[in-house]
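Enquirer: As a plain string of letters, each chain reads:
There are 6 protein chains.
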Amino acid sequence: MTRLSSGNIDLDKRLQGGFPEGECVLITGEPGTGKTIFGIQFLYNACQEGKKCVIIATEEVPEKIILHGKALGFDLEPFVETNQLTMIHFLELRANNLAEGYTNVCMHIDDLNNLAHIIQDDVDVIILDNLGTFSIGIDLKQFRDKLDTLAYVLSNQKRTSLIVMDATAHELTHRIAEYSTYGTIRLMTKENPYTGKMERFMYIPKMRGTKISLDIINYDITEEGIKLFPAKANR
Amino acid sequence: MTRLSSGNIDLDKRLQGGFPEGECVLITGEPGTGKTIFGIQFLYNACQEGKKCVIIATEEVPEKIILHGKALGFDLEPFVETNQLTMIHFLELRANNLAEGYTNVCMHIDDLNNLAHIIQDDVDVIILDNLGTFSIGIDLKQFRDKLDTLAYVLSNQKRTSLIVMDATAHELTHRIAEYSTYGTIRLMTKENPYTGKMERFMYIPKMRGTKISLDIINYDITEEGIKLFPAKANR
Amino acid sequence: MTRLSSGNIDLDKRLQGGFPEGECVLITGEPGTGKTIFGIQFLYNACQEGKKCVIIATEEVPEKIILHGKALGFDLEPFVETNQLTMIHFLELRANNLAEGYTNVCMHIDDLNNLAHIIQDDVDVIILDNLGTFSIGIDLKQFRDKLDTLAYVLSNQKRTSLIVMDATAHELTHRIAEYSTYGTIRLMTKENPYTGKMERFMYIPKMRGTKISLDIINYDITEEGIKLFPAKANR
Amino acid sequence: MTRLSSGNIDLDKRLQGGFPEGECVLITGEPGTGKTIFGIQFLYNACQEGKKCVIIATEEVPEKIILHGKALGFDLEPFVETNQLTMIHFLELRANNLAEGYTNVCMHIDDLNNLAHIIQDDVDVIILDNLGTFSIGIDLKQFRDKLDTLAYVLSNQKRTSLIVMDATAHELTHRIAEYSTYGTIRLMTKENPYTGKMERFMYIPKMRGTKISLDIINYDITEEGIKLFPAKANR
Amino acid sequence: MTRLSSGNIDLDKRLQGGFPEGECVLITGEPGTGKTIFGIQFLYNACQEGKKCVIIATEEVPEKIILHGKALGFDLEPFVETNQLTMIHFLELRANNLAEGYTNVCMHIDDLNNLAHIIQDDVDVIILDNLGTFSIGIDLKQFRDKLDTLAYVLSNQKRTSLIVMDATAHELTHRIAEYSTYGTIRLMTKENPYTGKMERFMYIPKMRGTKISLDIINYDITEEGIKLFPAKANR
Amino acid sequence: MTRLSSGNIDLDKRLQGGFPEGECVLITGEPGTGKTIFGIQFLYNACQEGKKCVIIATEEVPEKIILHGKALGFDLEPFVETNQLTMIHFLELRANNLAEGYTNVCMHIDDLNNLAHIIQDDVDVIILDNLGTFSIGIDLKQFRDKLDTLAYVLSNQKRTSLIVMDATAHELTHRIAEYSTYGTIRLMTKENPYTGKMERFMYIPKMRGTKISLDIINYDITEEGIKLFPAKANR
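Chains as they are written, first to last, in full-length UniProt numbering: chain L, 1 to 235; chain R, 1 to 235; chain E, 1 to 235; chain Z, 1 to 235; chain W, 1 to 235; chain P, 1 to 235.
Calculated directly from the structure, the hints in this document are not laboratory data.
Hints should not be assumed to be uniformly reliable.
[Unchecked claim] Here are the computed lysine-lysine pairs in the DSSO-like style, where the Cα-Cα straight-line distance is at most 27 Å:
id	chain 1	residue 1	chain 2	residue 2
1	E	K227	R	K13
2	L	K190	L	K13
3	Z	K13	Z	K52
4	P	K158	W	K52
5	Z	K158	E	K13
6	P	K51	L	K227
7	R	K211	E	K211
8	P	K190	L	K190
9	R	K211	L	K211
10	Z	K197	E	K13
11	P	K190	P	K51
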């Protein structure tokens with residue numbers, strides 16, 4: 001199986017080289033667990049490897065994401081300028097709709113499926129940050145059917161995709177998204193029983209075609225992005 | 001009682017030879033517990049024993065299941081070519097329906113009952129992966145009535161069936177599916193109290209006509225499929 | 001108070017001789033706790049004592065119950081042949097209704113009350129396996145009113161009845177059925193704190209007119225049916 | 001404050017002589033905690049003291065209550081014969097209504113309020129067993145308003161009343177009934193932390209105008225009715 | 001900030017002199033925690049200090065409150081006779097409405113707001129026992145808007161008010177009432193970890209403009225009313 | 001990144017200088033955790049630094065907030081007089097609407113979005129106390145869409161905003177507000193495991209562009225406002 005680097009060497013080692021190419025991986029986490037940074041690192045690396053990329057950002061404007069990346073040493077701007085990276089202005093769409101008084105013109109997961117169909121044929125990598133926006137307010141059966149379909153279409157088109165989902169929406173949908181994707185990574189903040197302090201942990205319950213460890217991995221958000229602690233420091 | 005091997009020698013030993021022939025067994029689990037691999041091993045073995053088999057895959061395309069099997073050393077392709085194994089393209093049906101704009105053409109459990117009736121008379125073994133798709137969005141009474149009926153029809157037709165169900169759907173239906181089937185196997189990931197690490201466990205609460213142990217069995221997903229750890233290593 | 005043996009000597013000792021004659025006892029349990037076996041043992045014994053019996057089986061066909069009994073050494077077939085034991089084909093009724101497309105022709109608890117009225121006058125013992133089928137999808141007040149009525153009618157007619165109910169339905173109805181019956185037995189699987197292993201336990205919270213112990217009783221499902229462990233082995 | 005013996009000397013000691021006369025006391029408990037026996041003992045004692053009594057039994061027929069009492073040494077029959085004790089056939093009313101096909105003719109709490117008004121003026125003591133029947137299926141506000149009213153009316157008429165309520169209905173109504181009554185006694189079965197065994201306990205969170213201990217009191221159901229264990233044996 | 005004694009010297013010490021004058025304090029508790037006694041003590045003291053007072057009692061008739069107070073040594077009767085204390089017969093209003101067949105004429109929180117407006121201008125102190133009656137059966141947003149308004153109006157009119165609320169209604173409204181009031185006192189019964197016995201505790205999470213301790217305070221209901229245990233005896 | 005002091009030196013040190021300028025920070029807490037005091041301190045400091053400020057107070061009248069601040073040594077009055085600080089009378093609007101009988105004229109989150117648009121262009125700092133008022137009674141999807149939009153508009157206009165939200169509303173909306181804001185601070189009261197006493201703690205799960213510690217910080221509400229305990233005293 002071909003792999004695409006996650007943009008994080010330590011994580012790649014735990015994934016037999018990176019994310020499975022042409023498949024869909026879900027990453028979930030609470031506020032402050034660095035979900036967006038994971039996305040930026042993956043995106044930056046994919047751009048560097050010459051992949052054509054798209055990011056659909058539902059909670060942040062592209063300018064902020066670029067600033068966020070620059071501060072961590074991942075400058076996405078050159079890729080945007082050469083059109084290797086396309087940023088879809090989803091938050092602005094949502095805000096403008098509301099501002100104009102269309103109180104019910106919230107984006108639906110259908111829009112997401114449509115997006116999957118209109119994305120240019122040569123796009124290799126898709127980042128969606130965050131799926132949670134699409135999951136609230138529709139019934140669970142619809143959400144599952146549509147997410148299964150989205151994952152099916154994307155995988156069929158051989159796009160490697162990283163779907164970010166906030167933990168609240170993930171819990172409200174009973175963690176059902178994890179069944180639709182090829183792999184899933186959970187980010188969490190919890191007390192380290194050895195140090196008695198709150199720390200960040202990553203857990204990978206599922207990555208098809210990949211020999212994964214079920215160990216809970218301690219990580220930190222540093223000024224150069226996500227850093228995994230070596231295995232010994234982990235439980 | 002005649003037995004049909006589960007495709008896993010160690011599990012067979014714990015089931016007095018395998019799954020009860022002509023009966024319906026439920027297997028449930030969270031993402032990454034290897035539910036589909038259990039299905040592939042059982043299917044591969046049944047094909048090898050000359051049984052006529054059908055797999056209804058609601059979350060994966062047949063090609064992926066075949067790839068998945070090959071990677072683990074269970075090549076299903078020859079059986080497909082000789083029509084000994086039929087793969088029903090359920091995921092594609094679901095996706096196409098949605099793509100064409102039929103937003104409510106999700107598959108219902110009724111379709112499943114119909115399937116049970118149209119499957120060819122000479123089919124011995126049926127794998128359904130996964131029942132969860134059919135259980136969300138209908139009321140509990142209907143789900144139970146229809147699953148009881150499905151299990152009754154399949155058993156009446158002397159088909160040995162393995163029904164895979166994701167843990168989320170299983171919990172949402174209050175684990176009620178376990179009353180409808182002849183036996184049930186639960187797969188789970190939890191902390192091993194002796195090692196302090198996350199590990200995979202299997203628990204068999206029910207297998208009619210079979211002397212089973214209630215011990216929780218430690219297992220792993222290896223490159224040759226599911227391996228049960230010997231009893232001593234278990235609690 | 002006259003007693004009717006439960007078909008299990010050890011249980012009888014704990015019930016001052018057996019179930020109170022002419023009264024209604026509830027038995028609840030999760031999948032694999034042997035609820036149906038309890039019913040078969042009681043039924044077999046009642047038939048042997050010359051009682052006229054009826055079993056209403058909602059989840060299994062009569063043939064399977066007979067096979068199940070034979071495997072454990074309780075052959076019900078001769079009693080069926082002499083009409084001492086009547087088996088009501090409830091599962092088939094449910095399945096046929098569904099198969100013919102009557103999607104809403106599920107059995108209701110009203111049917112149960114009607115049954116109570118049409119059962120032949122000379123029937124002494126009634127087994128219902130399982131009440132859960134009747135409790136889902138109706139509101140709690142109705143369920144309680146109708147179960148109170150059923151228990152009242154059966155007790156009025158001096159029938160000894162054993163009502164089996166699955167734990168899921170029992171929990172969903174907030175264990176309310178226990179107030180309507182004369183006695184109640186709960187079967188469960190849980191970790192034995194002394195052995196650290198999953199084991200089966202029986203708990204009798206209520207048996208009117210009977211001096212009962214509140215001890216939790218360890219039992220096993222053996223090849224000769226249910227066996228209670230002696231009191232010392234219990235906590 | 002005048003007291004009316006609870007029919008149990010040990011309990012009376014803990015209540016400064018018994019239940020407050022002319023007031024309403026609630027007693028709640030799970031199946032098998034002896035709620036009805038508490039009622040019988042209180043009733044028997046009140047009859048002996050020459051009080052005119054009424055019992056409204058919603059789950060048992062009067063004959064059974066009399067049998068139940070006799071077995072414990074509290075023979076209510078003579079009081080019934082002299083009309084000192086009136087037994088209202090509520091269960092039969094409920095059952096007959098259902099049997100005649102009036103599927104919605106369940107008793108409502110309104111009927112209870114009407115009862116309070118039509119009970120003969122010279123009745124001193126009222127036992128209602130059990131209030132749970134009236135609380136399910138109406139909204140919480142109505143239940144509270146009506147129970148407040150019932151308690152108000154009964155107290156206004158200087159009747160001493162004991163209201164039995166099953167724990168399920170009590171929990172489903174969020175224990176709200178405890179605010180409407182003058183006092184409340186909770187019966188429960190739980191593990192005794194010292195013996196490791198399931199035992200019965202009584203807890204009195206509230207008894208207005210009475211200096212009560214908040215100690216949890218161990219009791220047993222013996223062949224002579226409820227017996228409280230001496231304080232030392234309690235925690 | 002001017003203070004008005006709570007009627008309990010020990011509590012006053014913990015509140016820098018008493019309740020903040022002209023503000024609204026909430027007191028919540030389970031059955032038997034002495035909520036009404038707290039109200040009586042506060043009322044008695046306020047009357048003694050010459051304040052003009054009103055009590056709105058929704059669960060008890062004024063006569064009972066007076067008896068209750070007398071038994072504890074707080075005789076409110078003289079103040080009623082001189083019209084310094086007005087008792088509003090709310091329970092009787094509720095009961096009469098129901099008795100006359102107006103099944104839906106329950107009091108609403110709107111009535112409460114109206115009351116706030118019609119109370120005589122010279123009233124200094126208002127006790128409402130209990131707010132719970134007004135909170136069930138309306139939606140949370142309404143409850144919050146109206147309680148905010150009530151607290152605003154009362155504070156605007158410089159009335160010192162004590163609002164009693166039962167713990168059940170408080171939990172059902174998600175403890176939201178605590179945000180609307182100036183201060184809040186929670187009464188509870190729980191196991192004292194040092195003595196292993198059930199005891200009564202008071203906790204003051206909030207009292208604006210007051211330096212409060214977050215210590216949980218042990219108290220008892222004695223024959224002279226509420227007594228706080230000295231700080232050392234507390235945890 | 002430019003920082004704006006939180007008005008608390010110790011907190012500023014933990015935030016690399018203060019709140020990120022031009023961004024939106026959420027602060028949540030239970031009653032009595034000092035949410036409003038946090039707001040007052042921040043507001044007072046921003047006024048001192050010459051920022052033009054607006055406070056939207058939904059639960060308290062401006063006069064009380066000024067009194068509250070004065071008592072703690074943060075006199076906001078001079079800034080109000082010079083129009084550097086504008087106080088929007090939201091509570092009075094709510095109360096008047098209700099008083100006039102417009103029972104459904106509660107403020108909606110739409111009003112909040114409108115406010116964002118009509119606030120004068122030269123306003124630098126906005127405090128909203130509290131968002132909870134706007135979150136109850138609308139569905140979760142709407143709340144999220146509108147809060148995302150509000151945060152987007154405010155950030156777009158380069159306003160630094162502090163949004164106070166009560167813990168009850170925060171929990172009822174599944175903590176979803178934390179995903180919409182740039183940073184979030186949680187205030188809580190809990191038992192300190194080392195002292196066994198209830199104490200106040202602050203936790204900062206998220207502050208974009210800021211290296212934060214996940215340590216739980218012990219703090220107190222003193223007569224000079226919020227004081228953080230030095231790190232050693234913290235766990």
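Enquirer: Hint by hint, say whether it matches the structure.
Expert: Cross-check of the supplied hints:
1. With a CA separation close to 24 Å, the supplied pair K227(E) and K13(R) stays within the 27 Å bound.
2. Taking the CA atoms of K190(L) and K13(L), the gap is near 24 Å; set against the 27 Å cutoff, the hint holds.
3. At roughly 24 Å between alpha-carbon atoms, K13(Z) and K52(Z) fall within 27 Å of each other, so this suggested pair holds.
4. Among the hinted pairs, K158(P) with K52(W) is inconsistent with the structure: their alpha-carbon atoms are about 53 Å apart, more than 27 Å.
5. Restraint check for K158(Z) and K13(E): not satisfied, since their Cα atoms lie roughly 48 Å apart, outside the 27 Å limit.
6. The hinted pair formed by K51(P) and K227(L) fails the criterion: a straight-line CA distance of about 38 Å is larger than 27 Å.
7. A hinted pair counts as satisfied when its Cα atoms are at most 27 Å apart, and K211(R) with K211(E) does not qualify at roughly 34 Å.
8. Taking the CA atoms of K190(P) and K190(L), the gap is about 17 Å. The hint holds against a cut of 27 Å.
9. With a CA separation close to 34 Å, the supplied pair K211(R) and K211(L) exceeds the 27 Å bound.
10. For the proposed pair K197(Z) and K13(E), the alpha carbon gap of about 20 Å is at most 27 Å, so the pair holds.
11. Restraint check for K190(P) and K51(P): the C-alpha separation of about 35 Å exceeds 27 Å, so the hint is violated.
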